[in-house]
Amino acid sequence: MRLRAFDLIQPDTVADAVDALARASTGARVMAGGTALVPMIRLGLIRPDPVITLHRVSGLAEIKIEESALRLGAMVTVADLERAPLVRGGWSLLARAAGRVATPAIRNSATLGGNLGYAEAASDIAPALLCLDATIESAGPAGERALPIARFFTGFYETALEPGAIVTGVRVPPVPNGAVGGYVKFCPRSAEDKPLIGVAALVVRDPDSGRCREARIALAGAAPMAIRVGRAEGTLRGEPLSDGAIRAAADAAAGEADPLSDLMGTARYRREMVRVWTRRLLAALRDGDPASSSRATR
Amino acid sequence: MNLTLEFTLNDRSCRVDAPAHFTVLDLVRDTLALTGTKDGCGEGVCGACTVLLDGRPIRACLVLAARLGGRRLVTIEGIAGGELDPLQEAFARVGAVQCGFCTPGMILSARALLEEEPAPSAEDVREALAGNLCRCTGYVKIVEAVLVVAQGRRG
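Protein chains in written order, with my numbering: chain A, 1 to 298; chain B, 1 to 155.
Heads up, some of the hints might be wrong.
[What the hints assert, rightly or not] Straight-line distance between alpha carbons at most 25 angstroms, and here's what the computed SDA-like set of lysine to any residue pairs gives:
#1 194(A) - 41(B)
#2 194(A) - 122(B)
#3 141(B) - 190(A)
#4 194(A) - 139(B)
#5 194(A) - 56(B)
#6 194(A) - 130(B)
#7 64(A) - 146(A)
#8 194(A) - 126(B)
If you are wondering where the hints come from, they were derived from the structure by calculation, not from laboratory data.
Next comes chain B alone, as it looks inside the complex (with noise of 0.2 angstroms):
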């Protein structure tokens, strides 16, 4: 059974069908060839998958591409339009990243927090990206970089 799909994809409209079992990530990584969002676990509990819809972070390998129609859906790939967020920027530059596989997961979902949190402490950074497991770098520089970009921005 196939559905016709009509979002908002990283802040353009976005037509396109698809098998109706499909997850979002199913969608993003096959149909739309944005192979930034990762497959990691299946079940929800990694975090290499968080995309956010209508701004807030979701599962992508557990939310159906159904739910899709009329909502807004940013990937990593369209976070900055081209340039560097300052998250991706801190993150290299802090020596956040090591392979990379986790990172998209954990910028947008350190985005979502510092949307919503503009002066979090290391403990929310900490519970906000609870959800997104790191095997490489063991997290200190994760947090350090989120903190580095909510102190920039109060300047």
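Chain A with its partners taken away, still in its complex shape (with noise of 0.2 angstroms):
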């Protein structure tokens, strides 16, 4: 089905980009990959014009190390996060949630900018950039700006943009020393599908004690955004990881979720999918078994 007609502006700059949006009238929309707008404005729920794109604005779809950070360019697609060396090498619980995301071709198209900036509770790349503690850089009518990501989602499909402002990228720091990471994604419907829930975890353990020294947690899918679940990780902290003290944070975990029911299941039922699935991943992430903690099975 075609689109609703829309003129497009391409601009060369972030500035130039910034500029456009702020020009235009209350209608434009700023499209990265297209994956999330264009079936919206197929489906049309909503009707942009114009409709600005960001694959020539040069320097935006960056991989590169500044100052022992990673720094990714908003339009690094999915898949290049999957791939890249960079990436894989030191930050692989990031490369391994950008694997997860749909399927090849949607990966090819959809870009870590616009996965952010959609805000979708659901997505697989949130929960791992919230473990990871990066930082979201965006450009607008008040000039540059970093959020921590924690605070980058702010409500159901909601960020803190200022108006008018674009995601231009994120940095993510180093990893702690020893940490071991994984994601699982639990899709009961079918391999492609969006994660009815998702959990990623960053796990720091004394080599001498094995006791916990960090954890981080993260949910998708299991509140009005993608969260960390804090309580869950203090009740790790100084603890060995037994079998109780993971049934504890997977508890807690649940607890903190704030999940919706829908077509994909129940508030009831995402909330024991986030008991099960954290408690399976942080005994994954104990035993050092890479393939539980990365792929959800039905």
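Both chains come to you apart, so use the hints to assemble them.
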């Protein structure tokens, strides 16, 4: 089905993009990969005009190291995140989560910036970046801004992006030494689906005592936006990763979840699945089982 | 609003005008009359619209035609230059085609997989084709056809 007609603006720089957005009528929309926006246009949910695309903006698709941190441009595709040696090498949790997004063809178009800006709670990328304590960089009429990701998602498909601003990139600090991470995506319907719930975790254990020095756990699809579950993390700090400690953390995570009911599942079911999959992921990370920690089975 | 697009289409240079709101699918089927690429769902889920952009599978129904400038597009019509690609031949021989609607997308996705992973496992094939839905065959023969081609290439 043909899209409703719109004018297209294809800026070459971030400044031009912000400028075009400022000058356009309130009906303007910024398009990155288009994987979220185009279906919405086709369904008539939004009627943007003009559409401002970012694919010509130079410098927005970088993947590089800056002072030990990973810097990713907003137009880096999800496929690039999955494949890039820098990401796989130093931030493998992110690469693995990216590899779980939808299907190969979608990953080849979908972008990091678009995924963040769309702010869907059922994002595979968001929980990984939450565990990695990423910073979201944006540019708008008031200039450039950097926001910790935990403050970036503010509600149901809502972000802290100021009006007229666009996500320009993400900065990911180095992962703590000895950390093990994993992402489990629970898809009860089919492999290419969004997660019903997703759990990302990063755990650092004391090499001598085996006790947990640091735990970071984030959930997708379990609240209006992707969230870290601080109380669950707190239950693990200083504790050995015993079955009992893991169960307590999983219970805490389920308690912190604030899911909704939809056609994919009820809130109650989602909460139970948070409990189940947080427990399974933490156990897999403890036992060094990468297969279990990266793939959700029905 | 109209755009002039210059890109490589099935190994030939192509220069064509199109409305700014056209997707690659609109351009391929309606402007260029290449109807092998199918319009299945309009949401990017079914995979019937899969084409290769710079060798990688994309959803033609989701990508604006404006993105084609300077790039290399391959549709099902262009994969074998007049003969049958080994994947096409294997799909036909093994019985992986019933109504044929999903087939162009399946073949292009499989082609992209084999370019990158010449020795895929059955699980690799199912993963790579997870974005191509088939309502007829139940997928078994499709996976078999791809594996047959992979094994054939290894000699």
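Checklist entry - Which of the numbered hints above does this structure break? => result Of the numbered hints, all hold.
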